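Please build the complex by placing chain B on the supplied structure of chain A, with the hints as guidance.
For the protein sequence lines, the chains are A and B, in the order given. 1 is the number of the first residue of the first sequence in the numbering used here; add one for each residue after it. 1 is the number of the first residue of the second sequence in the numbering used here; add one for each residue after it.
Note that these hints are calculated values from the structure, not bench results. None of the values given here were measured: they were computed from a predicted structure. Positions of the beta carbon are idealized from the N, C-alpha and C atoms, including for glycine. Treat the hints with care, as some may be off.
[Said to hold, decoys possible] As a list, the in silico DSS-like pairs of lysine-lysine whose alpha-carbon atoms are at most 30 Å apart:
{"id": "1", "chain 1": "A", "residue 1": "Lys5", "chain 2": "B", "residue 2": "Lys104"}
{"id": "2", "chain 1": "A", "residue 1": "Lys5", "chain 2": "A", "residue 2": "Lys91"}
{"id": "3", "chain 1": "B", "residue 1": "Lys29", "chain 2": "A", "residue 2": "Lys5"}
{"id": "4", "chain 1": "A", "residue 1": "Lys91", "chain 2": "B", "residue 2": "Lys104"}
{"id": "5", "chain 1": "B", "residue 1": "Lys29", "chain 2": "A", "residue 2": "Lys137"}
{"id": "6", "chain 1": "B", "residue 1": "Lys104", "chain 2": "A", "residue 2": "Lys33"}
{"id": "7", "chain 1": "B", "residue 1": "Lys29", "chain 2": "A", "residue 2": "Lys91"}
[To be verified] These stretches of chain A come out as covered by chain B in the derived footprint (C-beta under 8 Å, 3 or more residues):
{"id": "8", "segment": "27-36"}
{"id": "9", "segment": "39-45"}
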Amino acid sequence: MADQKTLTFVLMDAPYENARTTTALRLMHIAAKRGHEINVFAYEGAVYLPFALQKAHPNPVHGKDAEEEDHVLPREWVAEVMAEAERNGGKVDWINCGFCVDERGAHEAIEGVRRGGPPNLVAWVGESDNVLVIPTK
Amino acid sequence: MADYMLIASRDPFSTNDVPTYYALARDLKERGNTVTLFLVQNGVLPARPSAASDLLTSLSELGITVLADEFSLRERGIPANGLAPGVAAAPLDLVVDHLESGAKTLWN
Numbered sequence: 001m002a003d004q005k006t007l008t009f010v011l012m013d014a015p016y017e018n019a020r021t022t023t024a025l026r027l028m029h030i031a032a033k034r035g036h037e038i039n040v041f042a043y044e045g046a047v048y049l050p051f052a053l054q055k056a057h058p059n060p061v062h063g064k065d066a067e068e069e070d071h072v073l074p075r076e077w078v079a080e081v082m083a084e085a086e087r088n089g090g091k092v093d094w095i096n097c098g099f100c101v102d103e104r105g106a107h108e109a110i111e112g113v114r115r116g117g118p119p120n121l122v123a124w125v126g127e128s129d130n131v132l133v134i135p136t137k
Numbered sequence: 001m002a003d004y005m006l007i008a009s010r011d012p013f014s015t016n017d018v019p020t021y022y023a024l025a026r027d028l029k030e031r032g033n034t035v036t037l038f039l040v041q042n043g044v045l046p047a048r049p050s051a052a053s054d055l056l057t058s059l060s061e062l063g064i065t066v067l068a069d070e071f072s073l074r075e076r077g078i079p080a081n082g083l084a085p086g087v088a089a090a091p092l093d094l095v096v097d098h099l100e101s102g103a104k105t106l107w108n
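Excised from the complex, chain A in its bound form:
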């Protein structure tokens, strides 16, 4: 891809709490469709976005089982963004802040997620064509 860029996203929101997560994943998905190299530095609650043990649940209020409810799992969104990037010649390098993972016991992450820390983010800021920080309120 001739115009491939390296874009870094910094996330700190935990899943299921704010529309920022949805917007962040939408932005990353657009970048993935364009075949960019995408770096994600997830810290604080955002380390739970690719948590591998997320499970769909039923909706007893509506009388639906888990399959019928088809509950959205952030780890599936993350995996899809990773797959979309690869399909288009790009990739997603996702780092979960190690201290944040340890504090939260969020060690089980999906494939493609690695452990790191602020020095990785500093390096990415220097190497990227652009950086978007999406802070919590």
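Showing chain B alone in chain A's frame:
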């Protein structure tokens, strides 16, 4: 001068951060920068003509491009063809366009 993409995700009816963020857009423009204000999530609420939309119209009159995320508008039932003067609907792709071009991109 620089190209700024300011992403506004907050509802001005629930936080006073928003007018301050709009003021940042205005100040950047007045210093000769190119400024796009992109409304997303509850940040699109003032795009609907209301007491809060006058500020957006005034930013547009200064030469700031004021855009509202199409998806966020649809989610909230705000018709894209009935936005406040100076505000236009746009896809989120436009933010990625700016990231690609190296625009200084801020989120609030």
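**Prompt:** Taken at face value, is the distance from the CA of lysine 137/A to the CA of lysine 29/B at most 30 Å?
**Reply:** 25 Å, holds
**Asked** Given as covered by chain B, does the segment 27-36 of chain A meet the bar of three residues or more with CB within less than 8 Å?
**Response** holds (count 5)
**Asked** Do three or more residues from the segment 39-45 of chain A put their C-beta atoms closer than 8 Å to C-beta atoms of chain B?
**Response** violated (count 0)
**Given hint lysine 91/A paired with lysine 29/B - CA-CA distance at most 30 Å** = The hint is violated at about 35 Å.
**Request:** Below or equal to 30 Å on CA atoms is what counts here, so check lysine 104/B against lysine 33/A.
**Result:** Holds - the C-alpha atoms of lysine 33/A and lysine 104/B are around 22 Å apart, at most 30 Å.
**Prompt:** Do the alpha carbons of lysine 5/A and lysine 104/B lie within 30 Å of each other, as the hint requires?
**Reply:** 15 Å, holds
**Given pair status - lysine 5/A, lysine 29/B, alpha carbons within 30 Å** = With Cα atoms ~27 Å apart, lysine 29/B and lysine 5/A stay inside 30 Å; holds.
**Asked** Within 30 Å, alpha carbon to alpha carbon, are lysine 5/A and lysine 91/A?
**Response** OK: lysine 5/A and lysine 91/A at ~11 Å, within 30 Å.
**Prompt:** Given the proposed pairing of lysine 91/A with lysine 104/B, does the C-alpha separation stay at or below 30 Å?
**Reply:** 23 Å, holds
Hint check: violations occur at hints 7 and 9; the rest are consistent with the structure.
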